[in-house]
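As you go down the protein sequences, you meet chains A and B in turn.
With our numbering applied, the first sequence corresponds to residues 1 to 280, in that order.
With our numbering applied, the second sequence corresponds to residues 1001 to 1134, in that order.
Hint data in this document are derived by calculation from the structure and do not stem from the laboratory.
All C-beta atoms in this analysis are idealised placements derived from N, C-alpha and C, irrespective of residue type, glycine included.
Watch out, some of these pointers could steer you wrong.
Label-pair restraints from in silico Cβ distances [said to hold, decoys possible]:
1) A/LYS258 / B/LEU1118: 47 to 57 angstroms
2) A/GLU257 / B/ARG1133: 34 to 44 angstroms
3) B/GLY1126 / A/GLU221: 18 to 28 angstroms
4) A/GLN78 / B/ARG1133: 49 to 59 angstroms
5) A/THR116 / B/LYS1041: 23 to 33 angstroms
6) B/LEU1009 / A/GLU205: 23 to 33 angstroms
When the alpha-carbon atoms are kept at most 27 angstroms apart in a straight line, the in silico BS3-like pairs for lysine-lysine are as follows [what the hints assert, rightly or not]:
7) B/LYS1041 / A/LYS24
8) A/LYS24 / B/LYS1100
9) B/LYS1060 / B/LYS1024
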Amino acid sequence: MARITAGIATSHVPAIGAAIDLGKQEDPYWKPVFEGYEFVKEWAKDHTPDVVILVYNDHASALMLDIVPTFAIGFDDQFLPADEGWGRRPVPTVYNHIDLAAHIAEQLVIDEFDITLINEMDVDHGLTVPLSLVFGQPEEWPCKVIPLAVNVSQFPTPSGERCWKLGEAIRNAVKTFPEDLDVQVWGTGGMSHQLHGSRAGLINEKWDKRFIDLLAHEPEELKYITRLEYLREAGTEGIELIMWLIMRAALGYGVEEKHRFYRVPASNTAVGHVVYETKS
Amino acid sequence: MPRTRLYPLEDLEDIPGTKVFTAKASRQAYHLHKFCMSLMKAENREEFKADERAYLDKFKMSEAQKQAVLDRDMMKLIELGGNMYFLVKIASTDGMSALKAVSATSGMSADEYAKMMLEGGRSPEGLRSIRDRN
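So that you can see chain A by itself, here it is in the shape it has in the complex (with noise of 0.2 angstroms):
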């Protein structure tokens, strides 16, 4: 059967995906950055999954203009890097696994979840940057990867209670998969930022740490902040972080936090970062 063994959270902030295609690592801006991530890279290398869920929004490169559907999961065999206006990212064309991409729609539709299904699109930094910081820069991606895109632009985004009960569905979902498959489930997005307006700039690393401090062995006391609150605390961008309870939802009661890591900034953006396992 397949099941959920880990999850990775982590920001996906462009610039940072910019940094690593134009190898800027080293340099004193990017280097307290992506060393934060020197953990979950060696941990990776133990630690590959057959498939990855990647949890992500799409930044009007394949929706949001024409269609805008609250949850989707990519459904074409492949991704190409979308070009967002500075030409494609120069990483490795994204491979889906359709089998239990399909069996997860069903069952989220069986479980009260009406899924939008994407047959064709591009996938842009939300889901690529995070790829690029857990696996460096490979001539293939090492797992196949389900996109599930979530809209948290367009207002009313899902409620973070939602995201939870998707996250659980997810579970059920994997875990009665006949195929043996390793999965892992990443949450991306966040943390606390604001792109537009006199409140640009916004962060809130009080706010952030305690998020991360509950997110592994209290996440509910985190289901139910509202989406005025992530609004008001964590900017109108910080709302991305519905996406990390679906992540954690889909683990399951026990983790086991491997890594956890915090900076500001990253571009406009307080970056945030933990890996778990799952103990069961």
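Once you have looked at the hints, place chain B on chain A.
The following block gives chain B in isolation, referenced to the frame of chain A:
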């Protein structure tokens, strides 16, 4: 039955200096955003750069939106319904970083803004609620 909610939706307008990107804003900016997303193709970026006005006239944007694009007035574009994830594609076409594009909506100079970020960002103190002034 009246619907119970955790907070009145009007509270979304109670955050200082913040325009929440709602379905209505998305509609208001649809053609502006269609233009922004067209810049995801290299040939379109070239066409836009060669004659900005002519390129913009291919889209059903309002005159105010077209003028704000020509002026690179990010603050105005946000006011006219724009969302940064779309607008940043104009900045990328210009070879401008997201940091600079965002700073342009804040009323600060790019240097001041970059310095503020290096020093830990903007504190939320006093910026959570217009009503509660906290």
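Evaluation of the provided hints:
1. A/LYS258 / B/LEU1118: 47 to 57 angstroms: violated (30 angstroms)
2. A/GLU257 / B/ARG1133: 34 to 44 angstroms: Given a distance of about 38 angstroms, which is inside 34 to 44 angstroms, the answer is holds.
3. B/GLY1126 / A/GLU221: 18 to 28 angstroms: holds (26 angstroms)
4. A/GLN78 / B/ARG1133: 49 to 59 angstroms: holds (52 angstroms)
5. A/THR116 / B/LYS1041: 23 to 33 angstroms: Cβ of A/THR116 to Cβ of B/LYS1041: about 24 angstroms, so the range 23 to 33 angstroms holds.
6. B/LEU1009 / A/GLU205: 23 to 33 angstroms: holds (29 angstroms)
7. B/LYS1041 / A/LYS24: Holds. B/LYS1041 to A/LYS24 sits at ~26 angstroms (cutoff 27 angstroms).
8. A/LYS24 / B/LYS1100: The hint holds at about 19 angstroms.
9. B/LYS1060 / B/LYS1024: holds (17 angstroms)
Figure legend: structure checked against the earlier numbered hints; the only hint not met is number 1.
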